[in-house]
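There are 2 protein chains.
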Amino acid sequence: MRLSRYFLPVLKETPAEAQIASHRLMLRAGMIKQNAAGIYSWLPLGFKVLKRIEQIVNEEQQRAGHIPMLMPTIQPADLWRESGRYDAYGPEMLRIRDRHDRDMLFGPTNEEMITDIFRSYVSSYKDLPLTLYHIQWKFRDEMRPRFGVMRGREFYMKDGYNFDLTKEDALHAYNRHLVSYLRTYERMGLKAIPMRADGGPIGGDYTHEFLVLADTGESEVFYDSAVTDLSFGDRQIDYDDVEQCAGILDEFTSRYARTDETHDADEFAKVPEDRRRTARGIEVGQIFYFGTKYSDAMGATVQGPDGKPVPVHMGSHGIGVSRLLGAIIEASHDDNGIIWPEGVTPFHCGIVNLKQGDADADKACEDLYNALTAKGFEPLYDDRKERAGAKFATMDLIGLPWRITVGPRGLKNGVVELTSRRTGESEELAPDVALSRIVEIYGKA
Amino acid sequence: MRLSRYFLPVLKETPAEAQIASHRLMLRAGMIKQNAAGIYSWLPLGFKVLKRIEQIVNEEQQRAGHIPMLMPTIQPADLWRESGRYDAYGPEMLRIRDRHDRDMLFGPTNEEMITDIFRSYVSSYKDLPLTLYHIQWKFRDEMRPRFGVMRGREFYMKDGYNFDLTKEDALHAYNRHLVSYLRTYERMGLKAIPMRADGGPIGGDYTHEFLVLADTGESEVFYDSAVTDLSFGDRQIDYDDVEQCAGILDEFTSRYARTDETHDADEFAKVPEDRRRTARGIEVGQIFYFGTKYSDAMGATVQGPDGKPVPVHMGSHGIGVSRLLGAIIEASHDDNGIIWPEGVTPFHCGIVNLKQGDADADKACEDLYNALTAKGFEPLYDDRKERAGAKFATMDLIGLPWRITVGPRGLKNGVVELTSRRTGESEELAPDVALSRIVEIYGKA
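Chains A and B are the protein sequences, given in the same order. Here UniProt numbering is used: the first residue of the first sequence is 1, the next is one more, and so on. Here UniProt numbering is used: the first residue of the second sequence is 1, the next is one more, and so on.
These are calculated hints, taken from the structure and not from any lab test. Where hints are given, some of them may not hold.
As the list claims (entries may be wrong) - Label pairs and their computed distance ranges (CB to CB):
id: 1; chain 1: A; residue 1: G247; chain 2: B; residue 2: G233; range: 52 to 60 Å
id: 2; chain 1: B; residue 1: Q356; chain 2: A; residue 2: R102; range: 44 to 52 Å
id: 3; chain 1: A; residue 1: S123; chain 2: B; residue 2: N370; range: 41 to 49 Å
id: 4; chain 1: A; residue 1: E82; chain 2: B; residue 2: N370; range: 22 to 30 Å
id: 5; chain 1: A; residue 1: A265; chain 2: B; residue 2: Q356; range: 53 to 61 Å
A virtual CB, placed ideally from N, CA and C, is assigned to each residue, including glycine.
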């Protein structure tokens, strides 16, 4: 993309309403615009990151064998009356009457609807196991929306639902989700720690939240520092392998790690003192096993191997897709702006032309731009007639992990400059070497 | 995808509520499920086609230089009060009160919001031209939703908005959209004819609707049969080329083609009698130029070259993404089911194993499946223990354009069968030749 043809409305002023770094930086970098309290438009740059995150979530869900579909945003109230949650949900549910005076609502989650879909079509244990998921806009009418996309009202979320014949099978689905979530977050450059959680309004005996450590997190967390040393890495997973998935769950959850909701001071005291940590965390996902709660209430049964009807065991599993942008920025920024991890960056690298209009500089930039594009990369080329300082400031603010700086002086010596946004370190390289370096970086990433 | 692990709930019975073929076939093929009147879930197969269509729309919009972003579904009423449409829109607007008693609505379209975004950031003619678009769920509270996704309440639509300094520039944007829409529909295997249209509630001096001819269309259309001979083909387009875009508009719109809303019997009479046609059509898109209607009402001005503020010239341009599934099926089906054009098929080909459990047949199917997957195709392998007849019926119903049938008898002669869904013709080929044929078909498609 050439910046002269893009829509990137960066702000010089820091918006007064933004209290935390991610909110401030997303506004300043022209990623989002507030349309109403807790409701945002995703401007082109923000939308691009949202899509990258969505793609990673999709790839990892499908790798785990989960099947994508899509439920609508507007739901009939009757489904929620069946489960008893229509009255229980409270004022966070956005309730709507249509022109025929039917009670509808903007879905805050989808347990009822997916259970209704399941019971409409599936009648035999032979069609299990089954895990369906969707990524859809949801609405929770928060009393006080704040922190930008971190606690908005309209938000984008992946929610998946497993249907299994037995508790044992459903716990494998639970473990499979935990494993796939670990992979998902790590691909985004995040360390998200699974912590024992509270069931909350969805209910659930087994549940873990995934928390990203950040000073601005809404939850106080307590953990054994050994959990932060764990890394998923590039291990090969067979998602049908019950033992392997259970082993990974053990590895990542056997040490103490809880939010304040489930914190147990006595248990925490057993952690060696030098490894006891208290910090703040941002919740970016949660997995639940809740047994037959919804299948009992809504009559979602299958015929078991013995011919008798049995209610299916279910779980639901969520990743806060839009919220992740905030979490990633909270975990990765500095005074000059955002620092995108390679896995989610909106553009793979920036190209800064120090002297737009200089024939050599223009040509070198175009050549790099075309070569990168031909190799399947998306560079952002700042081809505006602006001072170098302004171009650098924009690139730093929007946080592309790599920048190639091209100027007439360097070109006379046959070099351009490749700069890491994270370390600030620069190298002078021949243009084709800079190109190979980008290929190498993302080949690894 | 292996069918044994997929969720494809095909129905044997024809649902009573479905009056037209596309609705009937989408229900029977397990593509959609109605959750409330005019509100549908997209089951995995339907969702896959929806995403293919969305991707084509995205690719063609970006090819034309239009920039993707995303606006929320819920909008504040105040924006619509500025344009005067809050009261004018009528009962099709889904009006909502949030917990703080603020008037909100589920967006049926986005002229107001995009104009607000534009005026918040753009102040100079130097930032023009600009075309932003999004693909988002919308809601129109239809009195009588019907025909499945063709006239639903919650629907998925691409809407794009151009901002230009002059009428002349805006008309180029109009032409550019027309050209990109022609390409878009043709890639989906559709012949969509641009017809002179009526501005309707959005207003507009220049507007064309794109109609797909089908007996079940809601509009009566009148046209010169010469328009159906036109084809976009693989011509190279430079979307910045004003002459070229205007030339294509002329080529595709100079002959008589109108809906009943704008039909002019006297003009129609001038068409040579043997080329006069009356038929029915399904609207799958519309383009508008409406000048400064919204920029005047909402104060969206830029500083012109002479330093004086001028209201921008705008247009809006829509493609009914979810509705397109219905239109494509109306245009392409037979008594046995859907016939997907190669451009939008959910899976590139089906593999039918005539004797699941036979070692040779199983191995040949697995080999084909793996070879196709390795080449970047998505096959659907029917690996269930079902009768051959049931497997063929499912494949015909869901409409994959190509089917490879594998059985022990053929394998003894070293062949599998490649069958075209459209013509029903089969060829016996060695498995590797069948594979090359699939590559060749989609290489061309």
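(message) I'd like to know which numbered hints this structure contradicts. Please list them from smallest to largest.
(response) 3 and 4
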